[in-house]
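K.L.:
Below, each chain spelled out in residue letters.
Number of protein chains: 2
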Amino acid sequence: MDFSPASDFASRLDARDPLAGYRSRFAIPDPDLVYLDGNSLGRLTLAAAERLRQAVEDQWGRELIRGYNQDWWQAPGRIGEKIAPLIGAAPGQVIASDTVSINLFKLAAAALELRPGRTKIITDTLNFPSDLYILQGLVRLLSRSQGEGRGGQHAILRIGSRDGDVTPDLDALAAALDAQTALVTLSHVTFKSGYLYDMAAITELAHRSGALVIWDLSHAVGAVTIELDTCNADFAVGCTYKYLNGGPGAPAFLYVREALQEQVVSPIWGWWGQQKPFAFGLDYVPAPGVTRFLSGSQPIMSLLAMETALAPLLEAGMPALRTKSLMLSEYLISLADTLLAPLGFSLGSPRDPARRGSHVSLRHPEGYRINRALIEELNLIPDFREPDNLRLGLTPLYTSFSEVWEGIDRIRRAVEEKRYEKYSPDKLTVT
Amino acid sequence: MDFSPASDFASRLDARDPLAGYRSRFAIPDPDLVYLDGNSLGRLTLAAAERLRQAVEDQWGRELIRGYNQDWWQAPGRIGEKIAPLIGAAPGQVIASDTVSINLFKLAAAALELRPGRTKIITDTLNFPSDLYILQGLVRLLSRSQGEGRGGQHAILRIGSRDGDVTPDLDALAAALDAQTALVTLSHVTFKSGYLYDMAAITELAHRSGALVIWDLSHAVGAVTIELDTCNADFAVGCTYKYLNGGPGAPAFLYVREALQEQVVSPIWGWWGQQKPFAFGLDYVPAPGVTRFLSGSQPIMSLLAMETALAPLLEAGMPALRTKSLMLSEYLISLADTLLAPLGFSLGSPRDPARRGSHVSLRHPEGYRINRALIEELNLIPDFREPDNLRLGLTPLYTSFSEVWEGIDRIRRAVEEKRYEKYSPDKLTVT
Numbered sequence: 043m044d045f046s047p048a049s050d051f052a053s054r055l056d057a058r059d060p061l062a063g064y065r066s067r068f069a070i071p072d073p074d075l076v077y078l079d080g081n082s083l084g085r086l087t088l089a090a091a092e093r094l095r096q097a098v099e100d101q102w103g104r105e106l107i108r109g110y111n112q113d114w115w116q117a118p119g120r121i122g123e124k125i126a127p128l129i130g131a132a133p134g135q136v137i138a139s140d141t142v143s144i145n146l147f148k149l150a151a152a153a154l155e156l157r158p159g160r161t162k163i164i165t166d167t168l169n170f171p172s173d174l175y176i177l178q179g180l181v182r183l184l185s186r187s188q189g190e191g192r193g194g195q196h197a198i199l200r201i202g203s204r205d206g207d208v209t210p211d212l213d214a215l216a217a218a219l220d221a222q223t224a225l226v227t228l229s230h231v232t233f234k235s236g237y238l239y240d241m242a243a244i245t246e247l248a249h250r251s252g253a254l255v256i257w258d259l260s261h262a263v264g265a266v267t268i269e270l271d272t273c274n275a276d277f278a279v280g281c282t283y284k285y286l287n288g289g290p291g292a293p294a295f296l297y298v299r300e301a302l303q304e305q306v307v308s309p310i311w312g313w314w315g316q317q318k319p320f321a322f323g324l325d326y327v328p329a330p331g332v333t334r335f336l337s338g339s340q341p342i343m344s345l346l347a348m349e350t351a352l353a354p355l356l357e358a359g360m361p362a363l364r365t366k367s368l369m370l371s372e373y374l375i376s377l378a379d380t381l382l383a384p385l386g387f388s389l390g391s392p393r394d395p396a397r398r399g400s401h402v403s404l405r406h407p408e409g410y411r412i413n414r415a416l417i418e419e420l421n422l423i424p425d426f427r428e429p430d431n432l433r434l435g436l437t438p439l440y441t442s443f444s445e446v447w448e449g450i451d452r453i454r455r456a457v458e459e460k461r462y463e464k465y466s467p468d469k470l471t472v473t
Numbered sequence: 043m044d045f046s047p048a049s050d051f052a053s054r055l056d057a058r059d060p061l062a063g064y065r066s067r068f069a070i071p072d073p074d075l076v077y078l079d080g081n082s083l084g085r086l087t088l089a090a091a092e093r094l095r096q097a098v099e100d101q102w103g104r105e106l107i108r109g110y111n112q113d114w115w116q117a118p119g120r121i122g123e124k125i126a127p128l129i130g131a132a133p134g135q136v137i138a139s140d141t142v143s144i145n146l147f148k149l150a151a152a153a154l155e156l157r158p159g160r161t162k163i164i165t166d167t168l169n170f171p172s173d174l175y176i177l178q179g180l181v182r183l184l185s186r187s188q189g190e191g192r193g194g195q196h197a198i199l200r201i202g203s204r205d206g207d208v209t210p211d212l213d214a215l216a217a218a219l220d221a222q223t224a225l226v227t228l229s230h231v232t233f234k235s236g237y238l239y240d241m242a243a244i245t246e247l248a249h250r251s252g253a254l255v256i257w258d259l260s261h262a263v264g265a266v267t268i269e270l271d272t273c274n275a276d277f278a279v280g281c282t283y284k285y286l287n288g289g290p291g292a293p294a295f296l297y298v299r300e301a302l303q304e305q306v307v308s309p310i311w312g313w314w315g316q317q318k319p320f321a322f323g324l325d326y327v328p329a330p331g332v333t334r335f336l337s338g339s340q341p342i343m344s345l346l347a348m349e350t351a352l353a354p355l356l357e358a359g360m361p362a363l364r365t366k367s368l369m370l371s372e373y374l375i376s377l378a379d380t381l382l383a384p385l386g387f388s389l390g391s392p393r394d395p396a397r398r399g400s401h402v403s404l405r406h407p408e409g410y411r412i413n414r415a416l417i418e419e420l421n422l423i424p425d426f427r428e429p430d431n432l433r434l435g436l437t438p439l440y441t442s443f444s445e446v447w448e449g450i451d452r453i454r455r456a457v458e459e460k461r462y463e464k465y466s467p468d469k470l471t472v473t
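Residue numbers (the numbering used here), protein chains in the order written: chain A, 43 to 473; chain B, 43 to 473.
Hint data in this document are derived by calculation from the structure and do not stem from the laboratory.
Honestly, I wouldn't trust all of these hints.
You can't tell identical chains apart in this list, so a pair holds if it fits in one copy or across any two.
Using 30 Å as the maximum straight-line C-alpha spacing, the simulated DSSO-like pairs for lysine-lysine come out as follows [to be verified]:
hint, residue 1, residue 2
1, LYS464, LYS124
2, LYS124, LYS318
3, LYS124, LYS469
4, LYS162, LYS318
Whenever a hint applies, use it, and build me the whole structure from the sequences.
P.N.:
Below is the structure:
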C-alpha cells in the first residue's frame, strides 16, 4: 500500500483488486501524492518514457528521416487500430491525429454536408465548451458566403439541464429532434458532472429523425464501455491524454463509421490524407476510407508515447476497467456521503452508476479555495471546475481504493481545519 | 573532421567556418553518415533530447497536471516569440501550434474574409502540394452553401514555370494580379527546386492590387533571411522540423501582422484561443491578438523539444546562418558542375544565390534509383522528389564542407559504379 494508515476496508478492496498490479507500470515518484486528476492528464507509464527515449535517441537521432519508413508514417492508422477495441470499433474506422477540436471541426463539416437542407445542430450546455466553440466557428464560416437573406444558415440549439448542470434534459432533447436536424453532437461523458449518455438510445433517437451523431469520447474512452459500432454511431472524436495516458496534449483520434466513409469529405485537405502523397500531384484526391481525414504532418514523438501507453489498457480490457471504475466511484461517493456531506459538500454527479463516467464532482461553495489548499498543502491533486465543482478523477489502472480513502480524508481535513481560508478566491491556476 | 579523406579545400573551409562548433551540439551517432536531408527532418540536438527526458520524467511523471502551470500552457505563445526573430517579426505576432496545413487553412479562411467580393486566389505549381490541397478544400467548403448560380465562388489560379519547375513565371504572376484577387499564397522557398521568392517585391506587388499575402516559410525558416515585418507581409505559416530541428512532425507556427489581428477571425475556434478559457463560458469570445488562432490542446512533449532546438539557431543568428548556407550551396554546385554534370546530372535549382534557398536539386533520369543506392549502400541520405530530383539539403548548423565534398563523391560513385542499377524503379519509400 502506498497510503497508510488506510482504512481496513480500502486495504481489503485493494487486496482483492485484479487490476492492482497495473499501478507498478506507472511512474509513481511521490507515493504520498493522491492524484485524482487522471481525467485531465493521465500518469506516465514507464513504457512510454522508455519508448520516447528510444524514439528520440535511436530513431530521430540515429535513423533520422528513415524513421518514417520504420513506424512513423503509418502511426496515425496503426494507433487508430489500437484505440478501436477500446471504443467498440471494428478495424478501418479510426485514426489518431491532430486535436479533438480540429477533428470535431472536420467531422461536423463533413456531417452537415451529408444532410443538405437541414439547418439545426443540437448539442447541450453540459458539453465541453471547446466543442461548442468549434460548432459556432463552423456555422459562422458556412454562413459567410451565403449573404443576407439567402437562408439555409445553420443554427445551434443547446439543450439545458433541470438540475444544475448535472444531467441533461432528455425530454427537451427528444422534443428538439425534427426533420430540420442535421446533427446531434454530445460528450459521451460530460466534463463537469461526469454524466454518461446512453449512446445507443440517443443515437437511435437522432437517427429516427434522420440526423447524424458525433460523440465526443474524451472523458469516456478508457474509463467506460463504448460500443460505437453496436450503437450505429456515425462519427466520434476523443482525446488520449486523460484515461489513455498518452501524455500532455497527445494527438486525438476520430472515428467514421465504415458505411459513411466513401460519402464524406474532410474540409481540411492535406498530403497525409491524399491518395498518393509522394506523387506530389497538384490536385487533391482523397485517400480511401478514414485516412482522408488526415491533413498535415503529425507530432511523431507525442504519437509514439501515446501508442505505447495504450498497452496496459488493452491488456486489462474495458470490462475489467469499467468494473473497477464503478467500484472506485461508488466507494468515493459513499465516503463523501458520510464524511463530506456534513461539511457542506453535495454530489455534482449522477448517483446512478449506469449514468456515471469515471470522475465524480463534489460541489462546495468554497470549492475553488479548497482545491487550492489540497494542492498546496495536502499533496492531493483534484481539479476545479466552475462554479463550485471539486472534480475527482478515478483511473482504474492506477487509482487504488486506499488512495480514494486517503483523498476523501484529506478533503475533510482541508475543510475541518479551515486550511482553504488563507487562499484568495481569485482564480489563478490553469488546472 | 568527420570525413576522411576530405578534399584539402573542404578542410580549409571547415577550419575557417565560424559555425563549425555548432555541430557538436547535435547527436552524431554515425560520423560516416552524410546527412543531406535536414530540409526534411533536422538532426536531434543533444539539448532537445535532454529537455524531452526532463519533460517526461520530471514534469509529466512527477508534476503531472501542474506542468501546465510551469511552462506548458504558455508554450505556444512563448515559443512563437522565440521563432519571431528568425522570421523578422516583432513580438506579439507569432504562435506555435498545430500543423502547417491546419494553420494555412485558418489563415486562408481569415484572409478571404478580409476581401469580400474578391474571388481569385493566386498560387503556383511550385508550391508544396499540401498547400494547394488546403486551398482546394477551403474553396470547396466555402462554396458549399452558396448553391448553383449564386456566384461569388472562389477560384484558384496556379502560376506555372517556364523552365521545368525550377523558377516561377513572375510575369504571369504580375499579369494575374487584379482587382478580383483576394489572396496570394506561395512557398517562400519552393520545396522542389529551392527557388527563393523575393518576398518584399511580391508582397508589394500583391498589395498594389489590394490582395493579401500568406507566405509558407517551411523550407525557408532557419536557412534564409526572412523579414516579414519589413516586407509588410500579412500572414505566414511554417514548419519546425526542417531547419529548426524541432523533431518529426513538431508543431508548426503562424504569423499574423499586428495591424490585422483585431480584424481577423479564425474559422476553427477552440478553448486555447478563447479569451478566458478556464471560465468555460458557452459562447466563444476570441482571445486578443494572434492567440485567437489557437484551438485545441497542443502536443506538449513535441512543443518543448522544438523550443529547445531553437537555441543554437538564435545564438548563431540568421546572418551567419545564411552566409554559411550560401557558401555550402555554392560549393556544392561547383562540385556538381565539375564531377556530376559529366554523369548526366543537371542543376534543378536556381544558379543565382540570391534566388536560392538552402537545398539544391540535382536532376538525373535515374534520380530515384540513385537515391535508393545512396541510402542503401553509400551511407548518404538525400531525398528524391518527382520526377527526377535528387534533393540535397544543406543545414548551416551541422553540415560541413567536408560532408558536402564527401556527399558529391558518393553520388559520383553511385553512378560511375552503376550501383543504382540493381534497384527497381518502383517507388517504395516515403522519404
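K.L.:
Should LYS162 paired with LYS318 be assigned to within, between, both, or neither, using CA atoms and 30 Å as the limit?
P.N.:
Between copies, since 27 Å is at most 30 Å while 36 Å is not.
K.L.:
With 30 Å as the alpha-carbon cut-off, assign the pair LYS124 and LYS469 to within, between, both or neither.
P.N.:
between (39 Å within a copy, 28 Å between copies)
K.L.:
Indicate which option fits the pair LYS124, LYS318 if close means a Cα-Cα distance not exceeding 30 Å: within, between, both or neither.
P.N.:
within (24 Å within a copy, 35 Å between copies)
K.L.:
30 Å Cα cut-off: does LYS464 pair with LYS124 within a copy, between copies, both or neither?
P.N.:
neither (47 Å within a copy, 38 Å between copies)
The structure shown violates just one earlier hint, number 1.
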